[in-house]
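Protein chains: 2
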Amino acid sequence: MTEKGEFLCSCSSLTPSRETARFYLLGIFIAVYMLAGAAIFSTLERPAELMAHQLWDQRLKDFSQLYNISCEDLESLLLHYEEARTAGIRAEPGRALWDIPGAFYFVGTVVSTIGFGVTAPSTMTGKILLVFYGLFGCSATILFFNFFLERFITLLSFLTLWFHKRKNRKNGSGEINVEERKPSVYQVTLILWCAVLLVACGAASLYSAMEGWTFLESLYFCFVAFSTVGFGDFVSSQREHHEEIWPYQMANCLLMLLGVCCTYSLFNATSVIMKQGLDWTLGTLGRIFNS
Amino acid sequence: MTEKGEFLCSCSSLTPSRETARFYLLGIFIAVYMLAGAAIFSTLERPAELMAHQLWDQRLKDFSQLYNISCEDLESLLLHYEEARTAGIRAEPGRALWDIPGAFYFVGTVVSTIGFGVTAPSTMTGKILLVFYGLFGCSATILFFNFFLERFITLLSFLTLWFHKRKNRKNGSGEINVEERKPSVYQVTLILWCAVLLVACGAASLYSAMEGWTFLESLYFCFVAFSTVGFGDFVSSQREHHEEIWPYQMANCLLMLLGVCCTYSLFNATSVIMKQGLDWTLGTLGRIFNS
Ligand SMILES: [K+]
Ligand SMILES: [K+]
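Each protein sequence line maps, in turn, to chains Z and X. Heads up: the first sequence begins at 1 in this note's numbering, then just goes up one per residue. Heads up: the second sequence begins at 1 in this note's numbering, then just goes up one per residue.
Calculated directly from the structure, the hints in this document are not laboratory data. Every value quoted in this text rests on a predicted model; they were computed, and no experiment measured them. One or more hints might be untrue.
Said to hold, decoys possible - Cross-link-like lysine-lysine pairs, in silico, BS3-like; alpha carbons within 30 Å at most:
#1 Z/K275 with X/K275
#2 Z/K182 with X/K275
#3 Z/K275 with X/K182
To be verified - Label-pair ranges, simulated between beta-carbon atoms:
#4 X/W246 with Z/L155: 48 to 56 Å
#5 X/L155 with Z/E75: 50 to 58 Å
#6 Z/G212 with X/F132: 21 to 29 Å
#7 Z/A209 with X/R59: 33 to 41 Å
#8 Z/S17 with X/N168: 36 to 44 Å
#9 Z/F136 with X/Q54: 44 to 52 Å
#10 X/L159 with Z/A209: 51 to 59 Å
#11 X/T43 with Z/D73: 14 to 22 Å
#12 Z/F158 with X/E75: 51 to 59 Å
#13 X/L282 with Z/E75: 15 to 23 Å
#14 Z/N290 with X/F132: 14 to 22 Å
#15 X/T43 with Z/F136: 24 to 32 Å
#16 X/G277 with Z/D73: 20 to 28 Å
#17 X/C201 with Z/G286: 57 to 65 Å
Backbone N, C-alpha and C fix where the C-beta goes; we use that ideal spot for every residue, glycine too.
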């Protein structure tokens, strides 16, 4: 990734004012993007939220009338249920959360910063330990992701070189331009985009077969997990009978690892293109204000 | 961050075998670290999980006997509650989730990849939109974090330069070594570590005052949020009366932004030190096997 390397190396050669302008321009862009997103998601989800509230209030009232229990008593039960939920208890029976495979899954969500939140330390010792555990774990994972990206680009460079060599041999010209070896950031982004799509589709087929989700829901889960957002509304491998299916658990871990690595790389490649876009915007703005 | 720049620039000059060795060594290190973590967290949390299960089973049984409801009927109510929960309904009344400020908070957890999961799109349109929204949002945020890190190091460089200039003027020597301008990765890590601690302590004081959490719980929340793990077991600014306290909401957003930026930088700086540690380990292993 030449652009990425240049971008980090050239920080001292840039004038501070250009750096500052780029930083603030991106800040403004993100703020506007977030405001627009808030407006759109609010429009989309607000009616569903109100409907869900109505439905739940009705169900609670019906239940309280049917069994002659006051709503306050039911709510105290629900508060107890909320308390139990933080320890991983669900109405639908699930797998044990803190046996060794469960704890391994938990640790995986910490170091990858996915953090589904199905499992979270409930003891104070666990909470304190998590802070120090996470600090080193997350740093190590970031390094691993960076190594993955490096190796991915090296692989692409070798493939490009091999492809050009073969083409040149066919054309009869023996010279190889060294610059041709380096794939452009656009090529890398495109290939990463395809890789993420491929992994997501493969994983989604597996999840839709094993978890009872639709294919679209599985794709949504894949994106949420791979991008390390990890809402926790869909979490793979949590059903009671999954505990015994070792091949599925292994496949789940490997697909997650591959997906997260590819998506991290895709985000980084996209961010390099965005940086070029910012530079272009600044240049255009400069020309407009100077003329 | 010289080391970071070098590390990304030097990828083509390294022999593939060394790169490969480093990649696998880190992979093994992370796997061992995760297994050790799984064992420790399982030991710590498994008793609490079993106790919580016992407590909840007892409470459910008591409730079913007291009001003469079958456990199955109660469980169907809890399943309905789970369904309502995904739409953001809680036993304890909270703020509206999908009004504009709520949606803004949600969008913030997406682009920062914190993903607390208190709010997640429930409609299919929202889910599909989220995938595309997140792709660009997360890339932009990664770029923003990288800019922040660059600017932080530039600021440190200027401070170091200023400090050396002052010292040299006092000592009477006018020359400034250019190398002195660049802070080492250890200095940067130490300063970032202090910055994260400072922001976390400041934020924890605010949260322990506003959320009814203990100071340690608030610190734990800060780490979970700043590292973008975001379990969602503690989520700030979700209480009913928080909706009206604008200064608190603003302070919450700004502290989160500052904390996430500093922690991202800290993780990156730590990962550079880890890379040096890996190189040292490989060198030592090489000497042992060659002698
Ligand atoms: K997360
Ligand atoms: K999360």
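Worksheet item: Honestly, which of those hints from before does the structure not fit?
Response: Going through the list in order, the structure violates hints 8, 9, 11, 13, 14, 15, 16, 17 and respects the others.
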